[in-house]
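Q: Same order as they appear, the protein sequences are chains A and B. Be aware that the first sequence starts at 1, since it is given in our numbering, and climbs by one per residue. Be aware that the second sequence starts at 1, since it is given in our numbering, and climbs by one per residue.
Wrong hints could be hidden among the right ones.
Some chain A residues judged to face chain B by a derived CB distance under 8 Å, without partners named [said to hold, decoys possible]:
id: 1; residue: Gly74
id: 2; residue: Pro121
id: 3; residue: Val131
id: 4; residue: Leu135
id: 5; residue: Thr137
id: 6; residue: Glu138
id: 7; residue: Lys140
Just the calculated beta-carbon pair ranges, DEER-fashion [said to hold, decoys possible]:
id: 8; chain 1: B; residue 1: Arg81; chain 2: A; residue 2: Asp3; range: 43 to 49 Å
id: 9; chain 1: A; residue 1: Ala6; chain 2: B; residue 2: Arg2; range: 54 to 60 Å
id: 10; chain 1: B; residue 1: Arg42; chain 2: A; residue 2: Thr8; range: 47 to 53 Å
id: 11; chain 1: B; residue 1: Val78; chain 2: A; residue 2: Ala117; range: 27 to 33 Å
id: 12; chain 1: B; residue 1: Gly20; chain 2: A; residue 2: Phe37; range: 27 to 33 Å
id: 13; chain 1: B; residue 1: Gly47; chain 2: A; residue 2: Thr8; range: 51 to 57 Å
id: 14; chain 1: B; residue 1: Gly86; chain 2: A; residue 2: Ala90; range: 24 to 30 Å
id: 15; chain 1: A; residue 1: Gly130; chain 2: B; residue 2: Leu41; range: 30 to 36 Å
id: 16; chain 1: A; residue 1: His168; chain 2: B; residue 2: Ala84; range: 28 to 34 Å
id: 17; chain 1: A; residue 1: Asn17; chain 2: B; residue 2: Leu41; range: 37 to 43 Å
Think about it this way: if two alpha-carbon atoms lie no more than 25 Å apart in a straight line, the pair counts; the simulated SDA-like pairs of lysine to any residue are [said to hold, decoys possible]:
id: 18; chain 1: A; residue 1: Lys140; chain 2: B; residue 2: Leu49
id: 19; chain 1: A; residue 1: Lys140; chain 2: B; residue 2: Gly9
id: 20; chain 1: B; residue 1: Lys19; chain 2: A; residue 2: Glu138
id: 21; chain 1: A; residue 1: Lys140; chain 2: B; residue 2: Ala37
id: 22; chain 1: A; residue 1: Lys140; chain 2: B; residue 2: Arg2
id: 23; chain 1: A; residue 1: Lys140; chain 2: B; residue 2: Leu52
id: 24; chain 1: B; residue 1: Lys19; chain 2: B; residue 2: Glu56
id: 25; chain 1: A; residue 1: Lys7; chain 2: A; residue 2: Thr32
Source of the hints: derived by calculation from the structure; they are not laboratory data. All C-beta atoms in this analysis are idealised placements derived from N, C-alpha and C, irrespective of residue type, glycine included.
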Amino acid sequence: MVDLLAKTACDGLASLNIGTVSLREGRAVPMTTLAPFRGQQVALDAALQAAHGLGFPPIGGSCQREEARALWFGRDLGLLMGVEPEATLAQYAALTDQSQGWAVMQLAGLGAEEVLARLCPVDLRLSAFGVGAALRTEAKHMQASICRLEEDCFQIMVFRSMARTMYHDLKTAMEARAARG
Amino acid sequence: MRIHCPLCGARDRREFSYKGAALVRPLAAAEPEAWHAYVNLRENPAGPLAELWYHEMGCGSWLQVTRDTVNHSVLEVVLARDTALGAGA
Ligand SMILES: [Zn+2]
Numbered sequence: 001m002v003d004l005l006a007k008t009a010c011d012g013l014a015s016l017n018i019g020t021v022s023l024r025e026g027r028a029v030p031m032t033t034l035a036p037f038r039g040q041q042v043a044l045d046a047a048l049q050a051a052h053g054l055g056f057p058p059i060g061g062s063c064q065r066e067e068a069r070a071l072w073f074g075r076d077l078g079l080l081m082g083v084e085p086e087a088t089l090a091q092y093a094a095l096t097d098q099s100q101g102w103a104v105m106q107l108a109g110l111g112a113e114e115v116l117a118r119l120c121p122v123d124l125r126l127s128a129f130g131v132g133a134a135l136r137t138e139a140k141h142m143q144a145s146i147c148r149l150e151e152d153c154f155q156i157m158v159f160r161s162m163a164r165t166m167y168h169d170l171k172t173a174m175e176a177r178a179a180r181g
Numbered sequence: 001m002r003i004h005c006p007l008c009g010a011r012d013r014r015e016f017s018y019k020g021a022a023l024v025r026p027l028a029a030a031e032p033e034a035w036h037a038y039v040n041l042r043e044n045p046a047g048p049l050a051e052l053w054y055h056e057m058g059c060g061s062w063l064q065v066t067r068d069t070v071n072h073s074v075l076e077v078v079l080a081r082d083t084a085l086g087a088g089a
């Protein structure tokens, strides 16, 4: 059996520090979408609690427990990151492995909100989008998932095939924001 | 124009794609005239019109949006799942 090298979505794209904002790739972790069967969301929530110590994410939010995080990822859809899902979850939801399927980036620092404001048509200020909030929106014509990990740190996800485009658009927005001073 | 998605909140028009009038689908065994009307015939009101929009860049829901075609004001938005649109399917 050949040993294949795993390349992350942003392989070859350098981390950036522009002005007060930084961009780097998120750590490669297991990712699984959880699509609860009709009427099974409460049972799935309990199974998640039992298996991983976190619940099914509320609309527009996320749940976190140590290395594991569950993001709201769309209607009746959650994304479990950071742990392999326990097999028990499959009783209540369709589980689909998404690992390596998404480019995961972290945009951090003072002014990160202003960078995202150039790319996304939603209000991502802290007052409207607090720590742990997670939404789906457009980022420069790409279907993105955005989560505020910390007060000044966002996780941005797009399909893996769009990693380079997202990186370019973020870099351009970071430069534009820095130029404004 | 902004559409208030029941799940995501008020979002810009560019996050959605448009399908057309929201019509109740006929039963599979319905007369050809019923299917002809469903597929081809459209009202063109100057005023409120029920339409289907897809929140493609957001939560992935199909929405029934009632829009005033005169001034683009959005009068009502509900999840298409919660309507009787597919009742004939
Ligand atoms: Zn939505």
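Q: State for each hint whether it applies.
A: Taking the hints in turn, this is what the structure says about them:
1. Gly74: With a minimum Cβ separation of about 5 Å from chain B (threshold 8 Å), the hint on glycine 74(A) holds.
2. Pro121: This hint holds: proline 121(A) lies near chain B, its Cβ roughly 4 Å from the closest one there, short of 8 Å.
3. Val131: violated, 18 Å
4. Leu135: holds, 7 Å
5. Thr137: holds, 6 Å
6. Glu138: holds, 4 Å
7. Lys140: Hint on lysine 140(A): violated, closest Cβ of chain B at ~11 Å, above 8 Å.
8. Arg81(B) - Asp3(A): 43 to 49 Å: holds, 47 Å
9. Ala6(A) - Arg2(B): 54 to 60 Å: violated, 42 Å
10. Arg42(B) - Thr8(A): 47 to 53 Å: For threonine 8(A) against arginine 42(B), whose Cβ atoms are near 49 Å apart, the range 47 to 53 Å holds.
11. Val78(B) - Ala117(A): 27 to 33 Å: The hinted range 27 to 33 Å holds for valine 78(B) and alanine 117(A), with Cβ atoms some 30 Å apart.
12. Gly20(B) - Phe37(A): 27 to 33 Å: holds, 31 Å
13. Gly47(B) - Thr8(A): 51 to 57 Å: 53 Å Cβ-Cβ, so the 51 to 57 Å window holds.
14. Gly86(B) - Ala90(A): 24 to 30 Å: holds, 28 Å
15. Gly130(A) - Leu41(B): 30 to 36 Å: violated, 48 Å
16. His168(A) - Ala84(B): 28 to 34 Å: violated, 46 Å
17. Asn17(A) - Leu41(B): 37 to 43 Å: Cβ of asparagine 17(A) to Cβ of leucine 41(B): about 60 Å, so the range 37 to 43 Å is violated.
18. Lys140(A) - Leu49(B): violated, 30 Å
19. Lys140(A) - Gly9(B): holds, 20 Å
20. Lys19(B) - Glu138(A): Distance of about 19 Å is within 25 Å: holds.
21. Lys140(A) - Ala37(B): violated, 38 Å
22. Lys140(A) - Arg2(B): With Cα atoms ~18 Å apart, lysine 140(A) and arginine 2(B) stay inside 25 Å; holds.
23. Lys140(A) - Leu52(B): At roughly 24 Å apart (the allowed maximum being 25 Å), leucine 52(B) and lysine 140(A) satisfy the hint.
24. Lys19(B) - Glu56(B): This hinted pair holds, its Cα atoms lying about 12 Å apart.
25. Lys7(A) - Thr32(A): holds, 18 Å
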